[in-house]
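Asker: Kindly generate the complete structure, drawing on both the sequences and the hints.
Number of protein chains: 2
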Amino acid sequence: MPIRPTAAIAALFLGFQALAADAPPKTPAAVVAQAPASAWQAIAPDALLVMTVESGRRIVIQLAPRFAPAHVANIRALAKAGWWDGKSVYRVQDNYVAQWGDPTEKLPLPAGIAADIKADYAQPLAALGQSVVPLPYPDAYAPRTGFADGWPVAMDEASIWLPHCYGMVGVARNLSPDAGTGAELYAVIGQAPRQLDRNIALIGRVIEGMGLLASLPRGSGEMGFYASGEKPLPIMSARLASDLPEAERPYYQVMDVGSQSFADYLRLRANRKDDFYDRPAGGVDLCNAPVPVRARP
Amino acid sequence: MPIRPTAAIAALFLGFQALAADAPPKTPAAVVAQAPASAWQAIAPDALLVMTVESGRRIVIQLAPRFAPAHVANIRALAKAGWWDGKSVYRVQDNYVAQWGDPTEKLPLPAGIAADIKADYAQPLAALGQSVVPLPYPDAYAPRTGFADGWPVAMDEASIWLPHCYGMVGVARNLSPDAGTGAELYAVIGQAPRQLDRNIALIGRVIEGMGLLASLPRGSGEMGFYASGEKPLPIMSARLASDLPEAERPYYQVMDVGSQSFADYLRLRANRKDDFYDRPAGGVDLCNAPVPVRARP
Chain U
1 MPIRPTAAIA
11 ALFLGFQALA
21 ADAPPKTPAA
31 VVAQAPASAW
41 QAIAPDALLV
51 MTVESGRRIV
61 IQLAPRFAPA
71 HVANIRALAK
81 AGWWDGKSVY
91 RVQDNYVAQW
101 GDPTEKLPLP
111 AGIAADIKAD
121 YAQPLAALGQ
131 SVVPLPYPDA
141 YAPRTGFADG
151 WPVAMDEASI
161 WLPHCYGMVG
171 VARNLSPDAG
181 TGAELYAVIG
191 QAPRQLDRNI
201 ALIGRVIEGM
211 GLLASLPRGS
221 GEMGFYASGE
231 KPLPIMSARL
241 ASDLPEAERP
251 YYQVMDVGSQ
261 SFADYLRLRA
271 NRKDDFYDRP
281 AGGVDLCNAP
291 VPVRARP
Chain C
298 MPIRPTAAIA
308 ALFLGFQALA
318 ADAPPKTPAA
328 VVAQAPASAW
338 QAIAPDALLV
348 MTVESGRRIV
358 IQLAPRFAPA
368 HVANIRALAK
378 AGWWDGKSVY
388 RVQDNYVAQW
398 GDPTEKLPLP
408 AGIAADIKAD
418 YAQPLAALGQ
428 SVVPLPYPDA
438 YAPRTGFADG
448 WPVAMDEASI
458 WLPHCYGMVG
468 VARNLSPDAG
478 TGAELYAVIG
488 QAPRQLDRNI
498 ALIGRVIEGM
508 GLLASLPRGS
518 GEMGFYASGE
528 KPLPIMSARL
538 ASDLPEAERP
548 YYQVMDVGSQ
558 SFADYLRLRA
568 NRKDDFYDRP
578 AGGVDLCNAP
588 VPVRARP
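For the record, the sequence lines run as chains U and C. Anchor point for the first sequence: position 276 equals 276 in our numbering, and the numbering is continuous, going up by one each time. Anchor point for the second sequence: position 243 equals 540 in our numbering, and the numbering is continuous, going up by one each time.
Keep in mind the hints are simulated off the structure, nothing from the lab. Source: prediction; values computed, not measured. Don't be surprised by glycine CBs; every beta carbon is placed ideally from N, CA and C. Be aware that one or more of the hints could be misleading.
[Stated by the list, open to error] Pulled from the structure, derived: some chain C residues nowhere near chain U, Cβ distances all over 10 Å: (1) ARG373; (2) PRO474; (3) ARG536; (4) ARG566.
[As the list claims (entries may be wrong)] Pairs of lysine-lysine, BS3-like flavour, derived with a Cα cap of 30 Å: (5) U:LYS118 x U:LYS106; (6) U:LYS231 x C:LYS528; (7) C:LYS377 x U:LYS273; (8) C:LYS415 x U:LYS26; (9) C:LYS403 x U:LYS273; (10) U:LYS106 x C:LYS403; (11) C:LYS403 x C:LYS377; (12) C:LYS415 x C:LYS403; (13) C:LYS570 x U:LYS118; (14) U:LYS118 x C:LYS323.
Answerer: Set out below in structure tokens:
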């Protein structure tokens with residue numbers, strides 16, 4: 001029996017998009033689909049970490065050098081040295097994280113990896129605060145939130161930092177004051193664990209392959225580590241896109257958070273009112289309005 | 298190579314629990330582990346929907362009859378009639394939902410299933426508001442939030458409703474004003490899609506087997522429906538625990554949200570400060586403080 005949505009079921013969650021070409025888009029997805037080329041910004045090839053796993057499947061991570069300069073410098077060096085090649089995703093804890101690297105923590109790091117670096121937990125607000133598009137809804141974790149430089153951000157009077165939203169990638173570490181090197185990374189696969197904000201360095205987000213990471217079998221060991229007999233996901237290679245042959249490079253674009261398209265997207269994310277929704281929420285959580293990213297058309 | 302956490306890696310996220318038996322617990326997990334028997338309340342067997350899927354794996358859903366009486370009545374009747382037996386989980390959309398039932402929507406429902414029932418989108422505040430334990434942190438979706446009757450809740454001046462947190466189970470429906478019957482259900486598998494609150498009836502939460510549902514392969518069809526060649530997860534049976542033979546019944550308990558243990562749990566969820574955390578958040582999101590549930594010891 002083919003499993004295909006009927007017209008009725010297909011409407012279950014999406015709502016219908018406007019049918020008339022000149023009608024304003026009524027859903028966030030329609031805004032993204034109709035955004036002009038000027039609303040998109042290219043992601044630099046040296047800000048894309050391309051991880052190839054078993055069966056040739058690909059996970060692409062966009063790095064955030066302005067928010068975590070020291071750790072991103074390490075991660076670029078680790079990629080150039082082939083550090084993750086032959087390693088694995090060895091921990092998957094439901095509603096929390098999928099984590100990869102070397103679970104033994106015994107393998108020597110490549111030369112030049114700073115092991116005692118300044119923690120990239122937050123940046124001075126002055127450095128990135130000028131261009132923040134505010135999100136005018138309350139947040140349980142930070143005095144202010146918004147979007148800057150293509151990223152969701154949280155802020156207080158002095159600092160700005162990345163939040164632990166679904167798909168964000170962070171640096172696993174040992175007990176404080178250790179800040180980790182970047183050799184062990186994790187991606188958030190559940191409800192945003194925002195209590196980790198400013199306690200761990202976030203270095204980017206998964207922009208391709210998130211469904212693969214999030215659907216890995218959960219580990220039965222403590223904290224989701226794979227137990228004996230459970231199979232970690234092998235990592236074949238991880239390289240910066242800028243170090244790949246031209247034919248293998250992915251190209252991605254992120255929506256300009258200062259664009260009219262992003263303003264429309266946010267407004268509709270907070271106020272769903274179409275054929276499916278009866279009651280607009282009148283607000284949206286910082287982690288429930290992911291900045292749109294697309295493959296370069 | 299056995300994949301086991303080293304002592305250092307094991308500390309990555311959990312933080313250490315208090316070692317001295319008489320020291321107050323320092324982590325939410327320690328509070329739950331040390332909660333006295335009086336802090337736990339039994340879940341009635343007719344409020345547990347036990348779904349057995351391929352390979353005998355089990356998914357247990359706690360129903361919320363006080364929040365969705367009409368839909369829960371339907372779901373109990375559907376279970377008694379064996380409606381889900383031989384059906385499947387046919388849609389898995391990353392960071393959104395896993396959905397099950399009959400994707401064709403063509404199979405006739407059992408006799409006695411109300412098809413045009415009152416929407417259980419919210420209840421009068423007076424019905425459940427007396428016992429609410431408030432969560433004193435701001436929320437982007439509702440004027441007030443808290444916990445009542447073992448459940449997370451959102452409220453305004455007049456109404457109280459369940460929020461779309463990770464693991465919550467809702468009733469798929471067609472376009473408004475259809476409210477669904479309960480024959481098609483979904484579980485939230487990503488960041489809380491709170492925009493669905495009060496637009497869809499929530500009928501309970503997954504309390505066992507969530508890792509199984511959330512790790513199903515994502516469907517490549519539109520909205521995560523499995524496309525041709527992708528295999529839906531077969532459902533062997535779904536019954537109320539009260540209709541199972543005694544030997545097969547699961548027994549679960551939920552933490553009393555009015556207990557001191559729950560107060561301690563919430564306080565620590567909002568203020569992580571132990572050997573791992575440097576900076577307590579000072580707040581916690583409604584969906585990031587799941588009410589503890591455990592198998593009856």
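Asker: Each of the hints needs a verdict: does it hold here or not?
Answerer: Now for the hints, and whether the structure bears them out:
{"no.": "1", "hint": "ARG373", "verdict": "holds, 23 Å"}
{"no.": "2", "hint": "PRO474", "verdict": "violated, 8 Å"}
{"no.": "3", "hint": "ARG536", "verdict": "holds, 24 Å"}
{"no.": "4", "hint": "ARG566", "verdict": "violated, 7 Å"}
{"no.": "5", "hint": "U:LYS118 x U:LYS106", "verdict": "holds, 22 Å"}
{"no.": "6", "hint": "U:LYS231 x C:LYS528", "verdict": "holds, 21 Å"}
{"no.": "7", "hint": "C:LYS377 x U:LYS273", "verdict": "violated, 37 Å"}
{"no.": "8", "hint": "C:LYS415 x U:LYS26", "verdict": "holds, 27 Å"}
{"no.": "9", "hint": "C:LYS403 x U:LYS273", "verdict": "holds, 28 Å"}
{"no.": "10", "hint": "U:LYS106 x C:LYS403", "verdict": "violated, 57 Å"}
{"no.": "11", "hint": "C:LYS403 x C:LYS377", "verdict": "holds, 20 Å"}
{"no.": "12", "hint": "C:LYS415 x C:LYS403", "verdict": "holds, 22 Å"}
{"no.": "13", "hint": "C:LYS570 x U:LYS118", "verdict": "holds, 21 Å"}
{"no.": "14", "hint": "U:LYS118 x C:LYS323", "verdict": "holds, 27 Å"}
Of the numbered hints listed earlier, those contradicted by the structure are 2, 4, 7 and 10.
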